[in-house]
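Trainee: Chain residues, written in single-letter form:
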Amino acid sequence: MALLDKKRVSELRSVLKGIVRLMEERVPYADALFLQITKHVINKDKTALDVDDFADSGIKLRVYDGWQFHEYGTSDLDPIELRKQAMQLAAKVQLKPGVKLGKNAKVKKVLTKNFSSRPAIDPARVSIQKKVDACERMYTVVSGADSRIINTRIVYSERIEDKIFINREKSLWQHITGCRFAIMPFVQTPQGEMRYHFESFFRPGFEATQMPEKKVKEAIDMAVRIIDAKKIRPGRYPAILAPPVTGLLAHESFGHGMEGDTMYKGRAKASQYLKKPIAGKHISIVDNPALPARNGSFFFDDEGQLTTVTNLVKDGIVNNPITDLYSATHLKVPRTGNARAESFDHKVYARMSNTYFLPGKSTVDEMLQGIEEGYYLHHGGGGMEDPKGWGVQITGVVAERISHSKLTGELFYEVGIHGFLPDILRNITHVGQKLEVEGAGACGKGHKEWVRVSEGGPHIKVMELDLS
Amino acid sequence: MSAAGSKGAADSRGGAIVENAVGLLKAVPGISWKLVHRQERRTNLYVTKGHQTESALSGYRDTVHVTVYKRFGVQLGECSFPLISADKREMSKRVADALVICGHTQKQAYSLPERRPVPNIPLVDPEIVNAISKGMLDKKLLAIAERVKEEFAHRQGFRLNSMELFAEHGKTLIINSNGLKAFAEDTEAYLEMTITAFVGEKEQEHVPATRVRRLRDLDIKQLVDEYTKIAHDVLIAFRPNRFKGPAVLVKDALREFFAPSQYPNPIVAHCSARWKHMGISRYQPDEYITNRPIIGDKITLMSNPLVPYNVESEAFDDDGVPGQQVTLIKEGRFKDHIASKKYADYLRIKPSGPLGVIQVKPGSKSMAQLLSSKKMVYEIVAFSSFVPNDVSGDFTAEIRLGYMHDGDKKTPFKGGMLTGNIFDLMSNAYFSKEVEKMPGYIGPEAIRFENAMVSGM
Numbered sequence: 001m002a003l004l005d006k007k008r009v010s011e012l013r014s015v016l017k018g019i020v021r022l023m024e025e026r027v028p029y030a031d032a033l034f035l036q037i038t039k040h041v042i043n044k045d046k047t048a049l050d051v052d053d054f055a056d057s058g059i060k061l062r063v064y065d066g067w068q069f070h071e072y073g074t075s076d077l078d079p080i081e082l083r084k085q086a087m088q089l090a091a092k093v094q095l096k097p098g099v100k101l102g103k104n105a106k107v108k109k110v111l112t113k114n115f116s117s118r119p120a121i122d123p124a125r126v127s128i129q130k131k132v133d134a135c136e137r138m139y140t141v142v143s144g145a146d147s148r149i150i151n152t153r154i155v156y157s158e159r160i161e162d163k164i165f166i167n168r169e170k171s172l173w174q175h176i177t178g179c180r181f182a183i184m185p186f187v188q189t190p191q192g193e194m195r196y197h198f199e200s201f202f203r204p205g206f207e208a209t210q211m212p213e214k215k216v217k218e219a220i221d222m223a224v225r226i227i228d229a230k231k232i233r234p235g236r237y238p239a240i241l242a243p244p245v246t247g248l249l250a251h252e253s254f255g256h257g258m259e260g261d262t263m264y265k266g267r268a269k270a271s272q273y274l275k276k277p278i279a280g281k282h283i284s285i286v287d288n289p290a291l292p293a294r295n296g297s298f299f300f301d302d303e304g305q306l307t308t309v310t311n312l313v314k315d316g317i318v319n320n321p322i323t324d325l326y327s328a329t330h331l332k333v334p335r336t337g338n339a340r341a342e343s344f345d346h347k348v349y350a351r352m353s354n355t356y357f358l359p360g361k362s363t364v365d366e367m368l369q370g371i372e373e374g375y376y377l378h379h380g381g382g383g384m385e386d387p388k389g390w391g392v393q394i395t396g397v398v399a400e401r402i403s404h405s406k407l408t409g410e411l412f413y414e415v416g417i418h419g420f421l422p423d424i425l426r427n428i429t430h431v432g433q434k435l436e437v438e439g440a441g442a443c444g445k446g447h448k449e450w451v452r453v454s455e456g457g458p459h460i461k462v463m464e465l466d467l468s
Numbered sequence: 001m002s003a004a005g006s007k008g009a010a011d012s013r014g015g016a017i018v019e020n021a022v023g024l025l026k027a028v029p030g031i032s033w034k035l036v037h038r039q040e041r042r043t044n045l046y047v048t049k050g051h052q053t054e055s056a057l058s059g060y061r062d063t064v065h066v067t068v069y070k071r072f073g074v075q076l077g078e079c080s081f082p083l084i085s086a087d088k089r090e091m092s093k094r095v096a097d098a099l100v101i102c103g104h105t106q107k108q109a110y111s112l113p114e115r116r117p118v119p120n121i122p123l124v125d126p127e128i129v130n131a132i133s134k135g136m137l138d139k140k141l142l143a144i145a146e147r148v149k150e151e152f153a154h155r156q157g158f159r160l161n162s163m164e165l166f167a168e169h170g171k172t173l174i175i176n177s178n179g180l181k182a183f184a185e186d187t188e189a190y191l192e193m194t195i196t197a198f199v200g201e202k203e204q205e206h207v208p209a210t211r212v213r214r215l216r217d218l219d220i221k222q223l224v225d226e227y228t229k230i231a232h233d234v235l236i237a238f239r240p241n242r243f244k245g246p247a248v249l250v251k252d253a254l255r256e257f258f259a260p261s262q263y264p265n266p267i268v269a270h271c272s273a274r275w276k277h278m279g280i281s282r283y284q285p286d287e288y289i290t291n292r293p294i295i296g297d298k299i300t301l302m303s304n305p306l307v308p309y310n311v312e313s314e315a316f317d318d319d320g321v322p323g324q325q326v327t328l329i330k331e332g333r334f335k336d337h338i339a340s341k342k343y344a345d346y347l348r349i350k351p352s353g354p355l356g357v358i359q360v361k362p363g364s365k366s367m368a369q370l371l372s373s374k375k376m377v378y379e380i381v382a383f384s385s386f387v388p389n390d391v392s393g394d395f396t397a398e399i400r401l402g403y404m405h406d407g408d409k410k411t412p413f414k415g416g417m418l419t420g421n422i423f424d425l426m427s428n429a430y431f432s433k434e435v436e437k438m439p440g441y442i443g444p445e446a447i448r449f450e451n452a453m454v455s456g457m
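Those protein sequence lines, which keep their order, are chains A and B. Using our numbering, read the first sequence as starting at 1 and increasing by one per residue. Using our numbering, read the second sequence as starting at 1 and increasing by one per residue.
No wet-lab data here; the hints were simulated from the structure. Among the clues, some could well be false.
[What the hints assert, rightly or not] For lysine-lysine, the following DSBU-like pairs were computed, each having C-alpha atoms within a straight-line distance of at most 35 Å:
hint, chain 1, residue 1, chain 2, residue 2
1, B, Lys361, A, Lys231
2, A, Lys448, B, Lys409
3, B, Lys335, B, Lys437
4, A, Lys96, A, Lys361
5, B, Lys49, B, Lys298
6, B, Lys202, A, Lys275
7, B, Lys298, A, Lys92
8, A, Lys269, B, Lys26
9, A, Lys46, A, Lys230
10, B, Lys229, A, Lys46
11, A, Lys448, A, Lys231
12, A, Lys231, B, Lys149
13, A, Lys231, B, Lys298
14, A, Lys17, B, Lys139
15, A, Lys100, B, Lys149
16, B, Lys134, A, Lys92
17, B, Lys330, B, Lys361
18, A, Lys448, B, Lys350
19, A, Lys269, A, Lys231
20, A, Lys332, B, Lys374
21, A, Lys361, A, Lys275
22, B, Lys244, A, Lys230
23, B, Lys88, A, Lys130
24, B, Lys374, A, Lys448
Just chain B, with the same shape it has in the complex (with noise of 0.2 Å):
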């Protein structure tokens, strides 16, 4: 199924806004515009203790979000603001309203992108749609938490507490007065599972949460066996002690540290052309990212939007700018920035469109010879949370589930905080030969840091 167009969303509430938005803009002189228009229909199901069902709940939502620009002279003001009314009096009064503002937030003038053929990226499963269409994705969620559940029934020793099971469907909108015009759709299916391992009383749980564009990338057996693994190793593991030397991050930490869930990894937050506006990136072009000598492999990085089927792949970002592959380190030098319309236009330079899947070039060594050491080496499959310090890089963080080899010995621990800072542990690292494809991150199955510190317990 195509994901990508220029077609709207005119069955719809929002579509009705649209149409009169669109009228009412284009009326008024002397302005610029841009219109996004985002439909989500969502089903989500909430399993409880005893693999009760709690709570089923479909969701519909339609919005409408205008942003206007006005010219003063060589400044541009600009607002945005959103439309839940099609009422054409409540609208010039928004749009009114605006327009006064635009008067308090002159800038350096920029251009709204222009019309370009948006990228046709599989994005959408049609399993979902159908559903949708035939109002049966609730008993299709159902079907696979039976999946689930079963999975669970002939293991000893583990127990599944609770179950949330989300699918949903979008379709985005992007509209402007230079002639841009840009449609997409996509789906994703969201599974978190609470997982308790237990040996007589002794109890530990994890709780993983899996994110696909299609229902069918849920491989039910695949997890379970993967996320049982942990949390039955989380319960046998012990506390480290302090260590300072080797650690290798694989995994769900790999992916946590080139994608973290909540905001940019540093690395890649400091390639932001908003932030070279700002004076806030420490990035000079074709200069070394970090201030260290380098010893290791040099990083190359890149940002690439239109990988099939991933949850963070785009066909165009919040301008309708659309999505290409862009390196932004190179041999561990800076190259280019991650830069929206405005922040390309202020630089000069080309805009990028959105931040995609982080894709990182794989090394020479193998993941053998990357947890083998004559010293110690700390293994690390997941954080407890990994949320680095954007700005500055440095970081703190739990470790949930690690492996330390000592020659041939291999013995779980958890607990103890990887801590550092992560310009500086990229000057002595090496990445695995190895290639892992995961959500949000494409590259090395492993990179090792040669000076970590872990703190003990």
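Only chain A is shown next, with the shape it has when bound in the complex (with noise of 0.2 Å):
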């Protein structure tokens, strides 16, 4: 699919600029999202090399009526197909005597911006030649690291985002690119079992193939060693969390329940805590599309908000959640720039971008201490929120045993975290000074409506926590 250039862009915004004017003729407000998603592919295995390119391009348009959207999303870019299409949208609408037409608002300036992201080497200029040779590269290196490792899985994935946004006060365009490089060795146990390992680094350009040696050597290390890994004696611990477990906390346990929507429906227990303590005041918790070259960035939500971060907790207590335009209005708390849509055919809905908890003051060496018996988790495999019990539910972790204050080497296999968030919150006894936020998948609300998001944090300590 061809990338999108200026004349295009001026030509959208044209064409979108029109119809939302033709439709607040007839309708309080009105606005249209373009977006065009372009993906490209590689996977690379002992047997195979495969590329692929998928996209996604359509434009949604979308009226309110003083009461509820009204929204029709197209893959037909026609423009005069979308002018019948709109006019029919709009003769939908059924007004109550007195509302204001969008067309009688008065707007002193229209808010024109661009945006990109700033890859360091822009995949669209880079070779198909050269994406094969990174991945070739990768799973040489990989393959050949250890005579134990069966197969192994190397997958670059370029994604080049573009979203145009119009409303009657805004016209706003952006650009975002990224990259994910993922490396996953499989092995095989002396009983037959299959296992793997899964490591991926995501940068906003094609530098992402320059993944670091340690991460690399440090992937490989732990797939040899799952392939010894046991099962964990259910239990509660003390627990140091890595920063990929520790997002996951901040992502499906407290994220998911900070959601506008949800809390508006009745289903979130973090309306009871709203400005009140959960925590000691050492935790903070933010989701930030703002942060700049995450997999959860952009620059405007897919209702042309500007993005800022959310304290979603501040020095331990529950702040303020993130929203869409109507659970904003409804709860009567501040916009966020969260609204976010799957693609052009479905609804938006306030989502998480990249959430983190925020860096503190502990080193790791000083959470090992005074812990006879415990965990240090490492990876997590994902979770499912529970917004209205707050329950944790966080599987897939690699866990490492901690006798005496010292890491003993010995691993365990699939773990699952779970427990009563606020418990667990209030039970964190030290923050990790160094922040990392690498988190590079995608969050469903229940198991649909798919967004890509980070998550992350510094390492935690945890004093008593539910494995099993």
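Using the hints, put the two chains back together into the complex; each one sits in its own frame.
Mentor: Structure follows, in structure tokens:
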């Protein structure tokens, strides 16, 4: 698919501006969102190398009648067809008497802005040969590192996202690039069980393929060590969470409960804690789509709201939820730049972006002190939200036993973390100094509505954590 | 209404792209190709707090995806890409770029499937199709939403906090250079409810989602009866202690076990011909799927994409290979693969068509027998989420609702994690003789694992 150039952006802006104006002849508010997402994916393992391109492109038109939204999403970009659909959409609206039409709203100045991410190496300017070579090289390094690795999968995925948002006050364009380089070595236990380890590295451009050597070595080492990993004896232990697991706690366990739409529907226990303490003063959690160069970063959301950081928990106090327009209006809380839709034919919800604990003052050595028997949690697979009960469910964790304040090297595979979130937050005694926000996955609302996100934080120490 | 055949969907922008693309691809010498055209029309209704409609969304999606294949001696290169414009010059450039990429993706050659009859599985709801053609689908969904609201109007102690109701009609056309032309239609409806059960200030919620092919299969009263019962029992449930012993999976927990929402069950995933080719399948032909001696029932598991109106049924796979019933596991031993044409050629077996509804052969014990025991039995009705490691088979899943059976006493519980390895659990499992049909699963109404582990709270 051809990349958007300035001329095409200008054409689209003009078409969408005309359509918004047309709809606001009949409704109080209208907006339009164009999106074009192209993905370029290279998969390499011992049997093959595959290259596949994907694209998602369309326009969403939306009107508000003072009570609800009416929306139309289409992949057909023909301007004549779009105008026809816009007229039909606006005609559906039954206005109540006295409602002010959008065409009569006074607009002083239209905010016109263009945003672009800044990759060190623009992936659109890198040849397919170089991309394939990067995958082949990494495959050779990982698969040749240890004879116990039975296969290795290397995935290079590149995403180029353009969005144009138009309403009567805004004309915005953002161009965002993102590349993820992932390695997945497979191993087999002596009992014939297959296992794998997963490590990924995200950067805005092709520089993602320059995964640090230390990270690659650690991934290979972990893959080989999990061959002998055991199942943990369920129980309550002191634990140190490495940044990827800290991130899962921030995202799955806390973040979903701070989504404004969930809160408005009476589904979030967090409502009872707003402006109240939930943890010690050393705990702060944020959602920050404006954090540069992360998988969950963007400049404006799908309702044209410019992004800033939201303090979910500040110094131990539950602060503000993340919102979309509908939930912010009804909850009477600040609008944050978190309205996101999976695509042009999906509704926006209040969604997380880059969610993480802020750093503290402790070192990992300090955290290890005083742990007679406990676990260091290296990596996590995923989790599931429970905003109403604030139950924690994080799965796929690789844990290492701590004994007498030292890491023992003894690993445990597919460990689960569970418990009641406020209890876990209250039990955090140490927060590490170094912030890492390296997550590069996707987040669903339940099992649908997928959006790209990142999560992370520093190391944290929890005095009592249920592991199984 | 017939769901399958070989006609196209030319009445669209995508139809014009298909016409131009096929003409262009046929003119390129020495290549093979495949084209997939998918059209979807949908209406989504979102109901929020106070039964207020937050949004009504209509969508139209028309996509064309092409794969080109080029021979390099005994090797084959391939590359797939989307087409969004009918412009022939842009299309030619796209094909030329893809053929360059083919040079980088050379692998063992395989052939594309030939044209074969497409099974005529009923997967289309005329009510959805007619409502779309008349522009009335939003009104139809609003009427169903009203029925859901009415069901809650007279139920004390329950609140419908929100609801999402979707319906869509899709058409898929696959054409390839080997003469294959396969066309199928399908419809689907989705209902998600957020149900809160409450007593005074104490509240618990349940968020069930139901997928069906036909609107009339949304039995609103039955669904609300079933799900309010779960929400109520979650409200009064206690937290379990650590437990090791027999656990019986039923209802949503059973469906999630065999047909998880996100990835296939590891028992099914290891049947993949691709995994076999990659060397990461643990199965050997006619060998037991578990390393441990099997004490209980030996599982027989089939993939059946031909079940009428099931949401996991499909007329053909991504290459156009027709759906068929395949026995994957027989009496505890691995029998056959789920294989696309590529991996079927590599393994020298027949392609299987798409993975469909998971069908499990019933056992010989009754539900009552499975739930009774001298020891305590944990019955698990729903997980918060069940996402096993598809490669290793390990899992930890939080229990949303279960019942502790202790003699004649049945007590609801929630929380705690069912933890273990799916392959290990299958070595000592029993299936009920009663059968249940669910979206994506047909088989025993219950499965009992003798050596289950539930970690307590």
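Trainee: Evaluate each hint against the coordinates.
Mentor: These are the hints, each one checked on the structure:
At roughly 31 Å between alpha-carbon atoms, lysine 361 of chain B and lysine 231 of chain A fall within 35 Å of each other, so this suggested pair holds. Between the alpha carbons of lysine 448 of chain A and lysine 409 of chain B the distance comes to roughly 38 Å, so the proposed pair goes past 35 Å and is violated. Restraint check for lysine 335 of chain B and lysine 437 of chain B: the C-alpha separation of about 24 Å stays at or below 35 Å, so the hint holds. A distance of roughly 57 Å separates the Cα atoms of lysine 96 of chain A and lysine 361 of chain A; the hinted pair therefore is violated under the 35 Å criterion.
The suggested pairing of lysine 49 of chain B with lysine 298 of chain B is violated, with an alpha-carbon distance near 48 Å, which exceeds 35 Å. Note on lysine 202 of chain B and lysine 275 of chain A: the hinted pairing holds, with a Cα-Cα distance of about 21 Å set against a maximum of 35 Å. Among the hinted pairs, lysine 298 of chain B with lysine 92 of chain A is inconsistent with the structure: their alpha-carbon atoms are about 58 Å apart, more than 35 Å. With a C-alpha separation of about 60 Å, the suggested pairing of lysine 269 of chain A with lysine 26 of chain B is violated against the 35 Å cut-off.
Between lysine 46 of chain A and lysine 230 of chain A the alpha-carbon distance is near 28 Å, which keeps this suggested pair within the 35 Å criterion. At most 35 Å may separate the alpha-carbon atoms for a hinted pair to count; lysine 229 of chain B and lysine 46 of chain A exceed this at roughly 51 Å. Between the alpha carbons of lysine 448 of chain A and lysine 231 of chain A the distance comes to roughly 31 Å, so the proposed pair stays at or under 35 Å and holds. For the proposed pair lysine 231 of chain A and lysine 149 of chain B, the alpha carbon gap of about 46 Å is over 35 Å, so the pair is violated.
The straight-line distance between the Cα atoms of lysine 231 of chain A and lysine 298 of chain B is roughly 25 Å, inside the 35 Å bound, and the hint therefore holds. At most 35 Å may separate the alpha-carbon atoms for a hinted pair to count; lysine 17 of chain A and lysine 139 of chain B meet this at roughly 30 Å. Between the alpha carbons of lysine 100 of chain A and lysine 149 of chain B the distance comes to roughly 31 Å, so the proposed pair stays at or under 35 Å and holds. Restraint check for lysine 134 of chain B and lysine 92 of chain A: satisfied, since their Cα atoms lie roughly 14 Å apart, inside the 35 Å limit.
For the suggested pair lysine 330 of chain B and lysine 361 of chain B, the alpha carbons sit about 9 Å apart, so the restraint of at most 35 Å is met. Between lysine 448 of chain A and lysine 350 of chain B the CA atoms are separated by roughly 34 Å; this keeps the pair inside 35 Å, and the hint holds. For a cut-off of 35 Å, the pair hint linking lysine 269 of chain A to lysine 231 of chain A stands: about 33 Å separates their Cα positions. Distance check on the hinted pair: lysine 332 of chain A and lysine 374 of chain B sit about 57 Å apart at the alpha-carbon level, beyond 35 Å; violated.
Restraint check for lysine 361 of chain A and lysine 275 of chain A: the C-alpha separation of about 25 Å stays at or below 35 Å, so the hint holds. Between lysine 244 of chain B and lysine 230 of chain A the alpha-carbon distance is near 18 Å, which keeps this suggested pair within the 35 Å criterion. Only pairs whose Cα atoms come within 35 Å are accepted, and lysine 88 of chain B paired with lysine 130 of chain A is accepted, the gap being roughly 29 Å. The straight-line distance between the Cα atoms of lysine 374 of chain B and lysine 448 of chain A is roughly 42 Å, outside the 35 Å bound, and the hint therefore fails.
Hints 2, 4, 5, 7, 8, 10, 12, 20, 24, counting from the list given before, are not met by this structure.
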